[in-house]
Amino acid sequence: MAILVVAEHDNRQLKPGVANTIAAAGMLGGDVSVLVAGHQCGDAAAAAAKISGVARVLVADAAHYAVPLAENMAALVVSVAEKFTHILAPASGFGKNIMPRVAALLDVAQVSDISAVVSPDTFVRPIYAGNALVTVQSRDRIKIVTVRITAFDAAGAAAAAAPIENVAPLADSGLAQFKGHELTKLSRPELTAARIIVSGGRGMGSAENFKLLEALADKLGAAVGASRAAVDSGYVPNDYQVGQTGKIVAPELYIAVGISGAIQHLAGMKDSKVIVAVNKDAEAPIFQVANYWLVEDLFKAVPELTAKL
Amino acid sequence: MKVLVAIKRVVDPNVKVRVKADGTGIETANVKMAMNPFCEIAVEQAIRMKEAGSVTEIVVVSIGLPQCQETLRTALAMGADRAILVETDVEVQPLAVAKVLKAIVAKEAPGLVIVGKQAVDDDCSQAGQMLAGLLAWPQAACISKIALAGDHADVTRELDGGLEHLTVRLPAVVTTDLRLNEPRYVTLPNIMKAKKKPLEVMKPDALGVDVAPRLAALKFEEPPKRGAGVKLADVAELVDKLRNEAKVI
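Taken in sequence, the protein lines are chains A and B.
If you read the first sequence in my numbering, its first letter stands for residue 1, the second for the next number, and so on.
If you read the second sequence in my numbering, its first letter stands for residue 310, the second for the next number, and so on.
Derived from the structure by calculation, the hints contain no laboratory data.
What you are looking at is a predicted structure, and each value in this text was computed from that prediction instead of being measured.
For every residue, glycine included, the Cβ atom is placed at its ideal position computed from N, Cα and C.
Keep in mind that a hint or two might mislead.
Here are a few chain B residues that sit away from chain A, every Cβ distance over 10 Å (derived from the structure) [unchecked claim]:
1) E360
2) E379
3) T397
4) E417
5) D430
6) G437
7) A458
8) T476
9) R493
10) N499
11) P507
Pair by pair, the computed Cβ-Cβ distance ranges are [unchecked claim]:
12) A:G30 to B:G334: 27 to 35 Å
13) A:E82 to B:A521: 20 to 28 Å
14) A:K300 to B:D398: 51 to 59 Å
15) A:E82 to B:A525: 22 to 30 Å
16) B:D321 to A:G30: 35 to 43 Å
17) B:K512 to A:S206: 49 to 57 Å
18) A:L170 to B:A525: 47 to 55 Å
19) B:K512 to A:S79: 18 to 26 Å
Using the sequences and the accompanying hints, generate a full structural model.
Written as structure tokens, this is what we have:
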């Protein structure tokens, strides 16, 4: 077994899911390499070399890898693919964008968003918004897999750093050009890495009212999330969205405020360790997954909670 | 410019599905079906581009059972011009979908393909990116904005931590995210009109595509249930539980 993990990073730091993906790769039993493609990405490569279970880091450094465009990234992964039996990436926006293109170019299937490794060719993955789990077996020569990072504990630090090797960059495809980013300025933890998340739904009523949640989040050192209904209503940007079609999270504490608990929202948060729900509707489905619930007006309960912490 | 939109018929996203008692699949008999929500956004986008004058024809494609004709008729009622059903009773996995669409692209020569970012049944999120790879076309996954500008398109993609602006050469494949648009409702007169629009049915064999599944589903099961929770009297009790029972704050 020879496994390649495609690392998500910003050229300086690895994204939190990389260590989890490396842990999943370790469960396959084999030699784990990590590909860091970027521009002036030495720091990210050095960080990858220090994760437990990594045998070597492959670095492709070129200006056109500064941002991971799918066309360039997929071609690069394909150029090294035949040495590997498995290629893994986190099931984040990064992995979802690149890996299916890799699979198609190799004429193999992809197993998306695995939550468990059964054997080197068999995996468990959630379907139907997590309302069912399916065990799938791939007989393709190279297994392309994206990993649900909340389902795997992050690999720890290695005793000694793994060697770093260079891989030849390919030419820029020229198919797509990066024009710019509008990255959300984070004064709080990232949703997918947060220990505590405070999330708001349609019940928040307005963008302005999300400040109530922000105050609570700041008290707890928490990230702020939202249901699709709140995003649809324009209260918060799409990258706040927790759910089947947004982010999948599993923090130690998830506080759902003014969220009714649609199937698609539950899909994104029901693996949280402790779930608290505050909703004035005593029939809200969110209460079915909550450990603790308050039937109360959020505009009264949230400020009170913030004050008492 | 011609636009191709691929749509999928799925279990209505508001229905809570059940695993069959014998673990061989999902219970879909007598379950309400609907167009995948992201596919609706894809159809809507094509219609808005046509209304804006930048698109001349919208062809919608679906792959699957004969009942997919209903889903295609919905797309025609929304405003698509023509439909193609690639009919098969095989479970069509994303790679096969991409291969079928590649064959349709070869026949239809669209300038843009729009698909949903994810189907809410298998949650794979693969087909659009795979199609782009097979065609060696640029791709823009999870877009919330698109503007056609001659030989290219300016798009905005939804990232995990913000937005990304790209220019992609045309032809290209784009996949739709939630905030791209809000799909229209179909009206009765348009449903009547849609019945007269052309709908062609063909088999995967006729396109020279092997749609046999690559992944074997060995077992389906329900996820573990969460234990019953506790209703609390007030915020003070909540703070106490979080501190002293759950010990998470």
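Taking the hints in turn, this is what the structure says about them:
Look at E360 (chain B): its CB is around 22 Å from the nearest CB on chain A, clear of 10 Å, so calling it non-interface holds up. The claim that E379 (chain B) is not at the interface with chain A holds, since no C-beta of that chain comes within 10 Å of its own (minimum 21 Å). No beta-carbon of chain A comes within 10 Å of the beta-carbon of T397 (chain B); the shortest separation is about 17 Å. Taking the minimum C-beta to C-beta distance to chain A, about 19 Å, the non-interface status of E417 (chain B) holds against the 10 Å cut.
Some Cβ of chain A comes within 10 Å of the Cβ of D430 (chain B); the nearest lies about 6 Å off, and the non-interface call is violated. Under the 10 Å C-beta cut-off, the non-interface status given to G437 (chain B) relative to chain A is violated; the minimum distance is some 8 Å. In this structure A458 (chain B) is separated from chain A by more than 10 Å, as the shortest Cβ-Cβ distance comes to about 12 Å. Its beta-carbon lying about 5 Å from the closest one in chain A, T476 (chain B) breaks the requirement of being farther than 10 Å from that chain.
Every Cβ of chain A is farther than 10 Å from the Cβ of R493 (chain B); the closest lies at roughly 15 Å, confirming the non-interface assignment. Consistency note on N499 (chain B): stated as away from chain A, and its beta-carbon is indeed over 10 Å from all of that chain's, at 24 Å minimum. Against the 10 Å criterion, P507 (chain B) stays outside the reach of chain A, whose nearest CB is about 30 Å from its own CB. Distance hint check: the CB atoms of G30 (chain A) and G334 (chain B) are about 32 Å apart, consistent with the given range 27 to 35 Å.
Our hint of 20 to 28 Å for E82 (chain A) and A521 (chain B) holds, since their Cβ atoms are close to 24 Å apart. A hinted range of 51 to 59 Å for the beta carbons of K300 (chain A) and D398 (chain B) is consistent with their spacing of about 55 Å. Evaluation of the 22 to 30 Å hint for E82 (chain A) and A525 (chain B) yields a pass: the beta carbon distance comes to about 24 Å. Judged by the Cβ atoms, the range 35 to 43 Å given for D321 (chain B) and G30 (chain A) holds: they are separated by roughly 42 Å.
At about 52 Å, the beta-carbon gap between K512 (chain B) and S206 (chain A) stays in the expected band of 49 to 57 Å. Look at L170 (chain A) against A525 (chain B): about 34 Å separates their beta carbons, and that is not inside 47 to 55 Å. At roughly 36 Å, the beta carbons of K512 (chain B) and S79 (chain A) sit outside the given window of 18 to 26 Å.
Checked against the numbered hints listed earlier, the structure breaks hints 5, 6, 8, 18 and 19; every other hint is satisfied.
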